[in-house]
Amino acid sequence: MRKSGGGRMWSLRFGRSIRGAPSGGASHWGGLSPGSRFTQAAAGGSDGRQEAAGDPRRRGRVYQNPTWQHVEQRPLPEKKVTVEVLDHLERLALVDFRNWEGVQRLEKAIQFADQLHAVNTEGVEPMDSVLEDRCLYLREDNITEGNCTEELLRNARETVEEYFIAPPGNIPLPKLEERDTFLQVSE
Amino acid sequence: MAASILRRSLLIPRCRAGDVAALHSGPSRRRAQAPEPIASGRRAGNCPAGERGVAPWVAVVGLEIHAQISSNSKLFSGSQVQFAAPPNSLVSFFDASLPGTLPALNRRCVEAAVMTGLALNCSINKKSLFDRKHYFYADLPAGYQITQQRLPVAVNGSLSYSLCVGGKKNQMVTRTVRIKQIQLEQDSGKSLHDDIRSQTLIDLNRAGVGLMEVVMEPDMSSGEEAAAAVRELQLILQTLGSSQAIMAEGQLRVDANVSVHHPGEAYGVRTEVKNINSARFLARAIDYEIQRQIKELENGGTVMNETRAFDYKLGCTIPMRDKEGKQDYRFMPEPNLPPLILYDTKSLPANTNHQQVVNIDWIRERLPDLPSVRRVKLVEQYGILPEHSFTLLNEDGLMEFFENVVRQTQMNPKKVIGWILNDMLGYLKQYNLKVKESPVSSLFLADLLNLLERGTISSSAANQVLEELWKGEGKTPLQIVKEKKLGLIQDQQELEQICQAVMEGHQEEVMEIKKGNQKVLNKLIGLVQRTTRGRADPVLVKQILEKRLSQ
Chain V
1 MRKSGGGRMW
11 SLRFGRSIRG
21 APSGGASHWG
31 GLSPGSRFTQ
41 AAAGGSDGRQ
51 EAAGDPRRRG
61 RVYQNPTWQH
71 VEQRPLPEKK
81 VTVEVLDHLE
91 RLALVDFRNW
101 EGVQRLEKAI
111 QFADQLHAVN
121 TEGVEPMDSV
131 LEDRCLYLRE
141 DNITEGNCTE
151 ELLRNARETV
161 EEYFIAPPGN
171 IPLPKLEERD
181 TFLQVSE
Chain A
1 MAASILRRSL
11 LIPRCRAGDV
21 AALHSGPSRR
31 RAQAPEPIAS
41 GRRAGNCPAG
51 ERGVAPWVAV
61 VGLEIHAQIS
71 SNSKLFSGSQ
81 VQFAAPPNSL
91 VSFFDASLPG
101 TLPALNRRCV
111 EAAVMTGLAL
121 NCSINKKSLF
131 DRKHYFYADL
141 PAGYQITQQR
151 LPVAVNGSLS
161 YSLCVGGKKN
171 QMVTRTVRIK
181 QIQLEQDSGK
191 SLHDDIRSQT
201 LIDLNRAGVG
211 LMEVVMEPDM
221 SSGEEAAAAV
231 RELQLILQTL
241 GSSQAIMAEG
251 QLRVDANVSV
261 HHPGEAYGVR
271 TEVKNINSAR
281 FLARAIDYEI
291 QRQIKELENG
301 GTVMNETRAF
311 DYKLGCTIPM
321 RDKEGKQDYR
331 FMPEPNLPPL
341 ILYDTKSLPA
351 NTNHQQVVNI
361 DWIRERLPDL
371 PSVRRVKLVE
381 QYGILPEHSF
391 TLLNEDGLME
401 FFENVVRQTQ
411 MNPKKVIGWI
421 LNDMLGYLKQ
431 YNLKVKESPV
441 SSLFLADLLN
451 LLERGTISSS
461 AANQVLEELW
471 KGEGKTPLQI
481 VKEKKLGLIQ
491 DQQELEQICQ
501 AVMEGHQEEV
511 MEIKKGNQKV
521 LNKLIGLVQR
531 TTRGRADPVL
541 VKQILEKRLS
551 Q
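Each protein sequence line maps, in turn, to chains V and A. Position 19, counted from 1, in the first sequence is what my numbering calls 19; the numbers after and before it change by one each time, with no gaps. Position 8, counted from 1, in the second sequence is what my numbering calls 8; the numbers after and before it change by one each time, with no gaps.
The hints are simulated quantities; they were obtained by calculation from the structure and are not laboratory data. No experiment lies behind these values; they were computed from the predicted model shown. Be a bit skeptical, because a hint or two may be false.
[Said to hold, decoys possible] With a cut-off of at most 20 angstroms between alpha-carbon atoms, the simulated EDC-like pairs for lysine to aspartate or glutamate come out as follows:
| # | chain 1 | residue 1 | chain 2 | residue 2 |
| --- | --- | --- | --- | --- |
| 1 | A | K190 | V | E162 |
| 2 | A | K482 | A | E395 |
| 3 | A | K190 | V | E132 |
| 4 | A | K126 | V | E84 |
[To be verified] Per label pair, the in silico range of CB-to-CB distance:
| # | chain 1 | residue 1 | chain 2 | residue 2 | range |
| --- | --- | --- | --- | --- | --- |
| 5 | V | E162 | A | D361 | 18 to 24 angstroms |
| 6 | V | A109 | A | P335 | 17 to 23 angstroms |
| 7 | V | N99 | A | A55 | 42 to 48 angstroms |
| 8 | V | R134 | A | N170 | 57 to 63 angstroms |
| 9 | A | I318 | V | V85 | 43 to 49 angstroms |
| 10 | V | P172 | A | P439 | 55 to 61 angstroms |
| 11 | A | D396 | V | P168 | 53 to 59 angstroms |
| 12 | A | G315 | V | E162 | 31 to 37 angstroms |
| 13 | A | E365 | V | R105 | 35 to 41 angstroms |
Where a beta carbon is used, it is the ideal one built from N, C-alpha and C, also for glycine.
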């Protein structure tokens, strides 16, 4: 994502320039947004593009007016991740943050995701799956699989009489103090 | 010490580290429910005040029941569901969680869940969602279990059960427990602990089998109530056919959440009791845990929010190793499954493939008679008492046996029920057999009762015949009667001869009766009966004796 100056979220400026003269703001986005193409078209630079922009077929498919709104992005506080939270995360997901750079990357990722809070979702039904308009396929209750014991056991390093072997229980992560890999390169 | 007791049996399932139920989130949620009235039938003060005058304790018991769905294949894969099979032979690639495999929902499991929801008066959610519940354990190869946490299939139902109360346990009362929700979820594999070699053997045959989790609200207050509720649920599931619900085979697993508090105060800290293998142990485990918590609190200690296992040999609960503390299951929507949409006749779109649609109304029309309805019908049809119908349905196959006997005999059903519940059931318990294993068929019993009804034998003779029948030698009642000469002697002359003989042998008694002491007559009748080995018709004997004595 490109950080734009002035704290504004980037937004498309579809068709804005068709109405009038290219605004000085077009230069802000450089070659990124499609709006810039239209800007050039309006200035009469490219071939046929102007017609294309005014083409009734095109006009039907492409929104003439922007459907996006500028959102004033409030500067979000920098989130600091505490050592307890890191320990908890390492236990839960068995990831290894290794050193402070990894932690910083985590903090940046959190900040990036926090931008979502700036969106107003009042009255909007949350979407829980991109599949929500698909049909869930119901399978008939027939036996179609199984009996591949040998193939499955081939994946395991240790087996005993057709059983998989596992350690006697969950081996818990050692306590924070005893872990030698945690945040190796400390501040 | 506790750990070694746990290890004694290889087959005790090790608790997932810190497997605390995510739905009941501890004391804070309970407090919000505290001012609830005791209208649901909980008796305050069922643990009466102690000698020191401590305020009475009230126990709160909530159950989480996992019932294995009776289907041919598993919930999300096409491998077979079978109890005993060679290890890892009923496992598909999806069950072993190999990369690239995806879940495909089994229609039969959805129907089973809807049937159960309807039978328990739940409202069925037309749209329900699947989620992932993450935790690490060797018998869960994927590292997560597909369940329904946000929007389950059925919510807000109720289950009515009856139990005997009163000092003599002869009063039947009906109680209700609210069902919070019913959800579909996957079962995990089985782990066998080998402590000698310090390893666990994993068998994934059970991994992926469909389960219905029935979550009950904490409306119960004793082990007895919980056992009765579970038994009723078992009967309902077996009647519907959605689950065979055999606790011994692990098809019905019950976890109990137990806490105690003083009436009027906030709920206490709850503990979860696991590893309960039968309904009988359920009552004992809960009662033990209630007593343990009361003792702990009365001695000034506190109850910890932990998971405890029930050791049925010692009859007590012991804490399970809980090193990891409270689990964070990190629920997230299952990305591979769209929402499950159920229809009823109103919402059913036209031109749909029947195979792809589950119609709630269609299922509701085909629900069989639930146990409560069958009990009422029995009472109405045969005139037996409600307690009798309860016992009839409680024993597997006994109701069919009873109806078969009634059909083949002229005896009044109200008398037949006595023979079924007292004698037959007594013998079944004595020989530890199920009804279908009984050596006495309904035909034999009906024949016997017919003989009794016609007056061919006396009731004490009938008892003897029944005892003989139970030896299982295959003889018919008539054969036994003939062999043992148990037929009632109704020949007037023969009886008169016997009475004469008895009277001659007991002149003293005869004198007593002639003096006016009528009670001695009974003694003479008894003597006649003894001589004839119970085969004399008592009414006739009395007539003959009286006639003779008045001469």
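Results for each hint:
1. Taking the CA atoms of A/K190 and V/E162, the gap is near 13 angstroms; set against the 20 angstroms cutoff, the hint holds.
2. With a C-alpha separation of about 33 angstroms, the suggested pairing of A/K482 with A/E395 is violated against the 20 angstroms cut-off.
3. Taken as a hint, the A/K190 and V/E132 pair is broken in the structure, with Cα atoms around 34 angstroms apart against an allowance of 20 angstroms.
4. Proximity of A/K126 to V/E84 is assessed by CA-CA distance (about 42 angstroms); at most 20 angstroms being required, the pair is judged violated.
5. Remark: the range hint 18 to 24 angstroms for V/E162 to A/D361 is contradicted by a beta-carbon distance near 46 angstroms.
6. In this structure, V/A109 and A/P335 meet the distance hint of 17 to 23 angstroms, their C-beta atoms being roughly 20 angstroms apart.
7. Our hint of 42 to 48 angstroms for V/N99 and A/A55 is violated, since their Cβ atoms are close to 58 angstroms apart.
8. In this structure the hint that V/R134 and A/N170 lie 57 to 63 angstroms apart at CB holds, the actual value being about 58 angstroms.
9. About 33 angstroms separates the C-beta atoms of A/I318 and V/V85, a value inconsistent with the hinted range of 43 to 49 angstroms.
10. Between V/P172 and A/P439 the Cβ separation comes to about 56 angstroms, which falls inside the hinted range of 55 to 61 angstroms.
11. Separated by about 39 angstroms at the C-beta atoms, A/D396 and V/P168 break the suggested range of 53 to 59 angstroms.
12. The given range of 31 to 37 angstroms is respected by A/G315 and V/E162, whose C-beta atoms sit roughly 36 angstroms from each other.
13. Between A/E365 and V/R105 the C-beta distance comes to about 59 angstroms, which lies outside the given range of 35 to 41 angstroms.
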